[in-house]
Amino acid sequence: MHRLEGLSKLSGAERYLDDEPLEGALKGCLWGMTVRSPISRGKIRRIAYGAGFDWSKFVVVEPGDIPGPNETYLIENDQPVLAPGYVRHMHEAVALVAHEDRNLLRRAAASIRVEVDADPPALDFRVAPRADQIQRGSDNLIKKLQIKKGDVHAAFANAYKIVEGEYETGAQEHVYIENNAMSAWIEDGPNGDVVVVRGSMQCPYYVLNALKHALGRDETRVRVIQAPTGGGFGGKEDYPSTIALHCALLTLKAKRPVKIIYDRSEDMAATTKRHPSLVRHKTAVDKSGKLLAQQIEVILDGGAYVTLSPVVLSRGIIHAAGPYTCENVLIEGKAVLTNSVPYGAFRGFGAPQTIFACERHMDRIAHALGLDPIEVRRINLLKDGQTTSTQQTISGGTDRHALLNETLRVSAYDKHKRESEAFNKTHPYLRRGIGIATVLHGAGFTGNGEVYLNSKVDVGARPDGKIEVLAASTEMGQGTNTVFTRIAADAAGYDTADVVVGVPDTFRVPNSGPTVASRTVMVVGKLVERAIDDLAAQLGQNGKPLRGPSLKKAITDWHTTNPGKELKGRATYTPPPNVKFDDKNYVGDAYATFAWGACVAHVEVDLRTAAVRVLDFTAMQDIGKVINPVLAKGQVQGGVVQAIGWALSEEFKFKDGGMLNNTLTNYIIPTSDDVPPIRVVFHENPYPFGGGGAKGVGELPMDGPAPAILNAVAHATGADARAIPLTPEHLLPLL
Amino acid sequence: MGFATSQSSMNHQSTQSSATLNGTIAIRFTLNGREVEIAVDPTERLLDTLRYRLNLPGSKEGCGEGECGACTVTIDDLPANSCLVPTFQVRGCNVRTIESIPTSSLQPMLETGATQCGACTPGVVVTANWIKEHSSVLASHTLRALMAGNLCRCTGYDGIIDGLEKWIGNPKGGRP
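Protein sequence lines correspond, in order, to chains A and B. Note that the numbering used here numbers the first sequence so that position 699 is 709, with each residue one more than the last. Note that the numbering used here numbers the second sequence so that position 77 is 341, with each residue one more than the last.
Calculated directly from the structure, the hints in this document are not laboratory data. Just so it is clear, CB atoms sit at the ideal spot from N, CA and C, and this is done for glycine as well. Each hint should be verified, as a subset may be incorrect.
[Unchecked claim] Simulated pairs of lysine to aspartate or glutamate, DMTMM-like, Cα-Cα distance not exceeding 25 Å:
no., chain 1, residue 1, chain 2, residue 2
1, A, Lys635, B, Glu375
2, A, Lys476, A, Asp382
3, A, Lys665, B, Glu329
4, A, Lys590, A, Glu337
5, A, Lys594, A, Glu86
6, A, Lys153, A, Asp592
7, B, Lys396, B, Glu429
8, A, Lys222, A, Asp88
9, A, Lys665, A, Glu739
10, B, Lys396, A, Asp683
11, A, Lys158, A, Glu337
12, A, Lys476, A, Asp505
13, B, Lys396, A, Glu15
14, A, Lys594, A, Asp149
15, B, Lys430, A, Glu15
16, B, Lys430, A, Asp626
17, A, Lys300, A, Asp382
18, A, Lys663, B, Glu329
19, A, Lys575, A, Asp515
20, A, Lys263, A, Asp198
21, A, Lys67, A, Asp28
22, B, Lys430, A, Glu86
23, B, Lys396, A, Asp684
24, A, Lys265, A, Glu72
25, A, Lys265, A, Asp198
26, B, Lys430, A, Asp684
27, A, Lys594, A, Asp203
28, A, Lys37, B, Glu375
29, A, Lys158, A, Asp394
30, A, Lys153, A, Asp593
31, A, Lys153, A, Glu81
32, A, Lys67, B, Glu429
33, A, Lys222, A, Asp198
34, A, Lys222, A, Asp203
35, B, Lys396, B, Asp341
36, A, Lys578, A, Asp544
[Said to hold, decoys possible] Beyond 10 Å from chain A on every Cβ pair, some chain B residues (computed):
no., residue
37, Gly287
38, Ala290
39, Ser404
Let's have the full structure, built from the sequences with the hints guiding it.
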């Protein structure tokens, strides 16, 4: 089955928010813009609206215009909708302006000066803050978490060898090609006026909750609709709540529709990024490379507000020990507040950072012991029946040793290794090398997260017999609509042409949870199947559910006898049996299941320029059952290339806490000419509790490439690089 | 470095334009095979003229500075970033946008997963179509080099390159 909206996208017919004419609900639309902080921390003395503009003709919103609490609803609600007199990061929103003439608005907005008294910002998360930089508690700590298994200290005392290392990863910008875009207008409703927000987003119910909270309205008076969304990668997980609030505030004040479209420089400067990390490993090993104790310290830069940092940290520490068995593990994680833009969700959500450290460290352990990196992994890879750092007993039947062997075979690892070593002996300035990473990724929300989410899916049975999937999961390019159609058709015994996926609209779809955490197909897809089972059971006779043409006929018959009424099947999340997590002590089943993978990078380093080029890349993934091979492969290839960018070129430059290179001219993401074809192989092992037998696919590909590439650079040159991005400037001193 | 970043050589025919008193310039050009006459501000970008004034929103703004290629159109048969072109410069030129490429020809790109989120896609397809119509360039450049002016953040490029290989070899997908 091909991507449902594929031809519409290829032909340019797909209409994103900025493509839509200002007609219908958007008739008389104003354009909105955001006034932002010029400093990283300090008091706002005054907002000076520039001379030469008739400000009475503009709509201006300041914090006093917010009907409810000036808080962006999320984990701690500490982020204001508009900074109330005090700013905590560069480019923080302080006021909003709108006008119907977009060009005039741009000029007018540029005339606004935010006058401030600066306070000393905390800009380096790696060092303890000075007294005058403290803004939260006694040490700017956002969250501290610990995982403890066995006794690392006893194991260190008896170790054959102890290997230590410190690893760093930088911030990463999502660079979805469609910048953030949001619109808002007011409609009449049975309980009073309704604020409708429609835009580019991953999580309609996050936006709804944020609107309810800060506008002081219930869900009958706020409505959120997803517009076609041109990429997300986590970047449209929480930040659209902020833009939706800005749009809604302007529309409430103007009593006219409002659109806010960010341009690239604003989007890059002001919205969330991947958390920078510092991870320290101290590992006790025996002579064979067996892990006896892993002590790991994880520090994340949380940025200026709490936002999602506690849960990013949680996923980060749970993945920090890698796909290995070890009886003594101590992982201590903290996320700290700085005056950077708040760091947020980005594909992998903390796991790529800690897996980078773990996988680079595994190679350094092998090096320290004079062993082959493959052997060190083989001896430690988890087998079913063994436990992770949280003492989760692994099951499911995936043979990770076979997966690793298959990866080595498909990537021609031995051949590339041999040939590289021979090549390096003769070439004057090029050095080739090969590197590996073995990874795991927990799909779905961490711990009891899925239970708390209590996700729901409805399926509507239409008078024409077609089935409409009603879920809050969004299509943002990853293929939700196509895969849900396939899953629903298979569950109902229908042709895919008789399945429709409804637009996520909080007036029509139940809360299926956010479109994040590789959970859409696995968790929500399963709910789609169960909602269809529920529908089929409602219409079945003698307990025998209907399928295919008899289901379709029963639906049309039902509508004939119940004209004008609604017929729906419903499902609510129930966890797979025996999944238990103690979220206070971080013990138990951190995820219902893990996806597994291994990847091999073959690289070439030019000693003259210190440039690294990936020559060949293989990604092997166990994602359960593959529902759509083209879409699944596309997820892996896209994730790998995004990770190659993170590893080699995507470097943030900061000035006074603000992003200096907030343009695609000097924030360098890979082009087609920078990367090789990505070889993808699926190691299929259906997961009975996932939609169509699938596990999560979206994030796993982000985990392995960066360490595999740095391991390959080490093999090629001997450079012991431990930080990314490994740009030529950073590699040169190590050569 | 890709072709989409190169400006086309433009045909400056002074007879077709005249500056007016209020600062706009009246120009004529050919757009997707049809003559267009429009008065533009000297600073108006071709991308905005197409999207907001001529009802052709297929071309996208990804970066606004000629890096991402989402706004790629052809001007006198060469790919160009329409965000970098002041509209008055296309007077007398032949401009083609994504809207000129028949949907029916795009099946091979669909089959390989050349589009995911779709935001870069129109630019990708315009460049791809130009390569297809000028396949002699493949003698000196690889497809990966020729497509390097179109950034895609979703596909990792394999779906695009595979689709283009299939498309070029597909006798059904011809010029409109």
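These are the hints, each one checked on the structure:
no.: 1; hint: A/Lys635 x B/Glu375; in the structure: holds, 20 Å
no.: 2; hint: A/Lys476 x A/Asp382; in the structure: violated, 57 Å
no.: 3; hint: A/Lys665 x B/Glu329; in the structure: holds, 22 Å
no.: 4; hint: A/Lys590 x A/Glu337; in the structure: holds, 20 Å
no.: 5; hint: A/Lys594 x A/Glu86; in the structure: holds, 18 Å
no.: 6; hint: A/Lys153 x A/Asp592; in the structure: holds, 17 Å
no.: 7; hint: B/Lys396 x B/Glu429; in the structure: holds, 9 Å
no.: 8; hint: A/Lys222 x A/Asp88; in the structure: holds, 16 Å
no.: 9; hint: A/Lys665 x A/Glu739; in the structure: holds, 19 Å
no.: 10; hint: B/Lys396 x A/Asp683; in the structure: holds, 18 Å
no.: 11; hint: A/Lys158 x A/Glu337; in the structure: holds, 10 Å
no.: 12; hint: A/Lys476 x A/Asp505; in the structure: holds, 10 Å
no.: 13; hint: B/Lys396 x A/Glu15; in the structure: holds, 23 Å
no.: 14; hint: A/Lys594 x A/Asp149; in the structure: holds, 22 Å
no.: 15; hint: B/Lys430 x A/Glu15; in the structure: holds, 20 Å
no.: 16; hint: B/Lys430 x A/Asp626; in the structure: holds, 22 Å
no.: 17; hint: A/Lys300 x A/Asp382; in the structure: holds, 13 Å
no.: 18; hint: A/Lys663 x B/Glu329; in the structure: holds, 19 Å
no.: 19; hint: A/Lys575 x A/Asp515; in the structure: holds, 20 Å
no.: 20; hint: A/Lys263 x A/Asp198; in the structure: holds, 16 Å
no.: 21; hint: A/Lys67 x A/Asp28; in the structure: holds, 24 Å
no.: 22; hint: B/Lys430 x A/Glu86; in the structure: violated, 51 Å
no.: 23; hint: B/Lys396 x A/Asp684; in the structure: holds, 22 Å
no.: 24; hint: A/Lys265 x A/Glu72; in the structure: holds, 16 Å
no.: 25; hint: A/Lys265 x A/Asp198; in the structure: holds, 12 Å
no.: 26; hint: B/Lys430 x A/Asp684; in the structure: holds, 22 Å
no.: 27; hint: A/Lys594 x A/Asp203; in the structure: violated, 43 Å
no.: 28; hint: A/Lys37 x B/Glu375; in the structure: violated, 38 Å
no.: 29; hint: A/Lys158 x A/Asp394; in the structure: holds, 21 Å
no.: 30; hint: A/Lys153 x A/Asp593; in the structure: holds, 14 Å
no.: 31; hint: A/Lys153 x A/Glu81; in the structure: holds, 19 Å
no.: 32; hint: A/Lys67 x B/Glu429; in the structure: violated, 54 Å
no.: 33; hint: A/Lys222 x A/Asp198; in the structure: holds, 17 Å
no.: 34; hint: A/Lys222 x A/Asp203; in the structure: holds, 13 Å
no.: 35; hint: B/Lys396 x B/Asp341; in the structure: holds, 12 Å
no.: 36; hint: A/Lys578 x A/Asp544; in the structure: holds, 8 Å
no.: 37; hint: Gly287; in the structure: holds, 13 Å
no.: 38; hint: Ala290; in the structure: holds, 19 Å
no.: 39; hint: Ser404; in the structure: holds, 14 Å
The structure is inconsistent with the numbered hints 2, 22, 27, 28 and 32, although it conforms to all the rest.
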